[in-house]
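**Student:** Take the sequences, apply the hints, and build the full model.
What follows is each chain in one-letter form.
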Amino acid sequence: MYFPGCTLKTTAVNYEETALAVASKLGIELIELERWNCCGVVFNLAADSVIHHIGAVRDLIRAQEMSKKVNDNRLVTLCSMCYNVLKRVNELVKIDSEKLKTMNEFMDEEENYECGIEVLHFIEVIRDLAGYEKVKENTAKPLGGLKVAPFYGCTLLRPKEIGIDNPENPTVLENIIESLGAEAVSFPYRIKCCSAYDVVYDKKIAENRAKEIKKAAIRWGANIIATTCPLCHYNLSLPTRGASIPVVYFTELMAYAFGLENVLNPEVRKVISSLLGEGVK
Amino acid sequence: MSNEEKKLKMVRIYIMGKMYEVPEGLTIMKAMEYAGYRFIRGCGCRGGFCGACATIYRIGNDYKLYTGLACQTTVQDGMYLVQIPFVPAEKPKYNIEKLRPTASTVLYIFPEITRCVACNTCTKSCPQNLEVMDAIQSLIRGDLIKAAELSFDCIACGICSMRCPAEIVHYQVFQLVRRLYGKYLAKKAKHLEERVNEILQGKYAEELEKLTKMSVEELKKLYQSREIET
Amino acid sequence: MAHESVYPEEMRESIEKVEETRDRRLKEAFRRITPEEKDELLRKWHPDFRPEGKRPLKIGPSKGLVVPHEVADLIEAYPLIDPSQIDLSRIDYDVDILIIGGGGAGASAALWAHNSGIPAERILIATKLRFGDANTKMAQGGIQAADRPNDSPILHFIDVMGGGHYANKPELVKTLVENAPFIIKWLEDLGVMFDKDEEGNMIELPGGGTCRKRLHACKDYTGLEIMRVLMDEVLNRGIKVIEFSPAIELLTDPDTGRVTGAVLWNLETKEYYIARGKAVILTTGGFGRLHIQNFPTTNHYGATMDGVVMAYRVGARLRDLDATQYHPTGAAYPEQIVGLLVTEKVRGLGAQLVNVDGEQFIYPLEPRDVVAAAIIRECYGRNKGVVTPTGMRGVWLDTPMIEIIHGEGTIKKSLAAIYRMFSRFGIDPTKEPILVFPTLHYMNGGVEINVNAQVLNAKGEPIPGFFAAGEVCGGVHGKNRLMGNSLLEITVFGRIAGISAAKYVQNVEPGKLSLKHIERYVEMLKEAKIPETRKSPMILPEYRGEKVLSRAISLFKL
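Residue numbers (the numbering used here), protein chains in the order written: chain P, 42 to 322; chain E, 968 to 1197; chain C, 28 to 585.
Just to be clear, a hint being listed does not mean it is correct.
Restraint-style ranges between C-beta atoms, simulated for each label pair [to be verified]: (1) E:1062 <-> C:118: 30 to 40 Å; (2) C:530 <-> E:1164: 22 to 32 Å; (3) C:267 <-> E:1078: 23 to 33 Å; (4) C:121 <-> E:1076: 43 to 53 Å; (5) P:111 <-> E:1076: 37 to 47 Å; (6) C:416 <-> E:1189: 30 to 40 Å; (7) P:239 <-> E:1082: 18 to 28 Å; (8) E:1189 <-> C:434: 48 to 58 Å; (9) E:1067 <-> C:44: 56 to 66 Å.
Simulated coverage check for chain P against chain E, where a stretch passes if three residues somewhere in it have a Cβ under 8 Å from a Cβ of chain E [stated by the list, open to error]: (10) 46-59; (11) 78-85; (12) 91-99.
Read the hints as simulated data drawn from the structure, not as lab findings.
Each residue gets a CB set at the ideal place from its N, CA and C atoms; glycine is no exception.
**Tutor:** Put into structure tokens, the structure is as follows:
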């Protein structure tokens, strides 16, 4: 089952389109939840503010309802922020049965959530279900010549209880990049925070951070940055003078490598093909 | 046998805390009138279309809050009720001609939509049984069309807005959404435009003028011989 | 029946018969009525034709006009105010265009006055309840306009005249049908969500008495959708609306008789306000809450004919008030919703009217007066009606047929309001038929206007400064209105009133205010020996205490 999240339907439509196409190529069926709502955006740290997690639990209930029809209890997300919220809420209610009871009773129009859903990020699915070999097999156009700096961002890796990889030294994106035939540039700022919602209050903070990250990637030899989260993508794409490097979603690279040109945004396609030294397709 | 002749079975209801005995089977609205209230606020079409008579009530010691329209809800013994005659929310003014039909337009005019925590209280309060939360959520994810469809039967009673912890005024949001859909997103009817132009050019003017001068006999003939489309 | 029914046992026996005959009836079309049969049916069974129900007016510009007693009682009545107690020197609202009545006609007039160049702050709508609380909101089935290639305003004209028994004012009908497509386009541009197919063509249905499918609808909330869009636009423009402030008397220039304003009364603070307008537009709607001949009604709470009363006192001529429209299908069960409208669209989608034995007795899409009379005859003449536990009689409207003809889910989608109305009380119209009986619905007649929406006096001349539009007017529909023409009338003539009034005010100064016409009217009343206890306008109906209990319809006592 697949949980899109609000941004995937509005400003990050290309992330979803390329991901679904790539998943299909890898033999993974992603079925969108029939009904879903916003996950709540951030995991609320206030211990007694139960209402902010209602949205996320409601989505887990939706997954629970649908799991009976599709016979699968796995819920996959693309957006790292949604992943972070849904995974942490899921873990919270598994431990804190009193909070879960309160929430179940409040949502008296729904069935009770029984903690049976597993929340995954798409990257985990690629790594654990499909495997890097399969990625290599499906690579019709190896991306030799691309020096990709993977940008993990923080919500994918932290807190470490729910991170999909080692929070200080992750490798999964590098492995995927290499399976696509490109060179992975493991620059030190790849796990730095993109500054998330600070961009709303003070754009300067985000611009400064984006500049730092991009300059570092360039200094380490990268010619393109691959992200996993729409908010990271937005922040890193802010115009920064003196540090110019294209930013794409990792699934867009995968789609290009798999030969699935038609689902790519034409701008992105142009960027990648010109970096590869190929004529514009 | 009229009602007056039948012995009326009575139930007890509490109107703003005051107990009244009213005949069983009356709607809340008629029960309040039976008790002696004369409506100024809180009564409109009396038929479930205008949202004037939004009522909130509990039954006996049950903690649950219920909502309904006074004109469409039958009284129950132990009903503890109050009407919501007005929802404090000034309508923001906008020029529909200058707006773009996107969800971001709606979010710009009503930014509080993003405060929605998906608690579903609005849906549970809606006397028309609409999926109110899903409509708001559709907007958050850019789907104007779905929001217009889900909110169409809204009668703007305001109960959802009064109970919403995020202080959204749903019915004002939905009114804008539906107008944007109707004006910009729904396809225009071409045949309508053609007919309007024909009339402007005077295509039917002469014949209509003739008809206005016809005798009743002539009109009768035309009426009785006209072909009816099946 | 497979499921749990809330219908009492006696009624369920009849439903079984309806189910037995359904398959056969799906292929049956009841024949159309002949003109001779129609005349006899109406004369014998339509409530309008009961001589005991009406009387001629004793005074005023339309003296001698025959009207129902309930109407005459309000017209032959004393004003609520004592002119000596009203201070006309202090003007509270001073505008160019004063609109009395906040329904579809009032909103249309306001918008078109604004479109014609009158600044928003010079327009004022005064309304009795909330803005939009009007019969407009309750109209369900549709609005007519001849905009398809196989239809034309000519056919629309003929339909309207025939349906109205040729008593309509022809030039008003011409105005109505000629402007219809433009009005639909205007509404479409404002954002009204009409039912359309995938190409954007309007989905149009037949109505009673129409020879073409020309009813445009918004599910079965057509009136609600139109009203709320108009309201939204009026408020967007900054046009002021004062609510809970009905007009209780008009004001006139003592020398010329020009209508120059109104006395408004704040229902909540019980204070009166003096409103002066260079032009006054009357859009006060109908008279359902007078419960003519004791019928229940589909109308909203404030439909008490205030406008006709006030207009008569300034000299307006009335017409066709002897023609009361009883909508053939008002809900007849359960008791809580007796009288509420069940839209003609239900019949437009194929549901048949069926008696206690499960048989048809009239073609469902005859004009309304014919169908209403036929139902009354079936229940009280032939005794083939269904009797409910409260003594109310009715016939079945076989709604499950719609699901069979148009597919499962049609009712929930296209008749959402009806579905809701009945399922609130445990009846599922997709599975069981619903019970209906005629209900008081529409004021066919009223104040007479010309094609410029100017109100006419006894001599047929326009009363200066005075305009009217909507249900309060007479002449457009003759003796019987067709479905979908009232939403059309309010928008067509509301627009014309707004434009006409805007033109009028360009060349006049604000008028002098007086209640001279009231003093003259009181003299007439005294001369005719009308009892002083009778006062009007009614403003709100009296339902307190036992009066609110369901009235049995005391018609045709056997």
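**Student:** Each hint: holds or not?
**Tutor:** Outcome of the hint check:
1. E:1062 <-> C:118: 30 to 40 Å: holds (32 Å)
2. C:530 <-> E:1164: 22 to 32 Å: Given about 25 Å between the Cβ atoms, the range holds.
3. C:267 <-> E:1078: 23 to 33 Å: Taking Cβ atoms as reference, residue 267 (chain C) and residue 1078 (chain E) lie about 27 Å apart, which means the hint holds.
4. C:121 <-> E:1076: 43 to 53 Å: violated (33 Å)
5. P:111 <-> E:1076: 37 to 47 Å: Holds, at about 39 Å.
6. C:416 <-> E:1189: 30 to 40 Å: violated (48 Å)
7. P:239 <-> E:1082: 18 to 28 Å: holds (20 Å)
8. E:1189 <-> C:434: 48 to 58 Å: Because 37 Å falls outside the window, the suggested range is violated.
9. E:1067 <-> C:44: 56 to 66 Å: holds (57 Å)
10. 46-59: As far as the region 46-59 of chain P goes, the hint holds, because 3 residues have Cβ atoms under 8 Å from chain E.
11. 78-85: Holds: 3 residues of the region 78-85 of chain P have a Cβ under 8 Å from chain E.
12. 91-99: holds (count 5)
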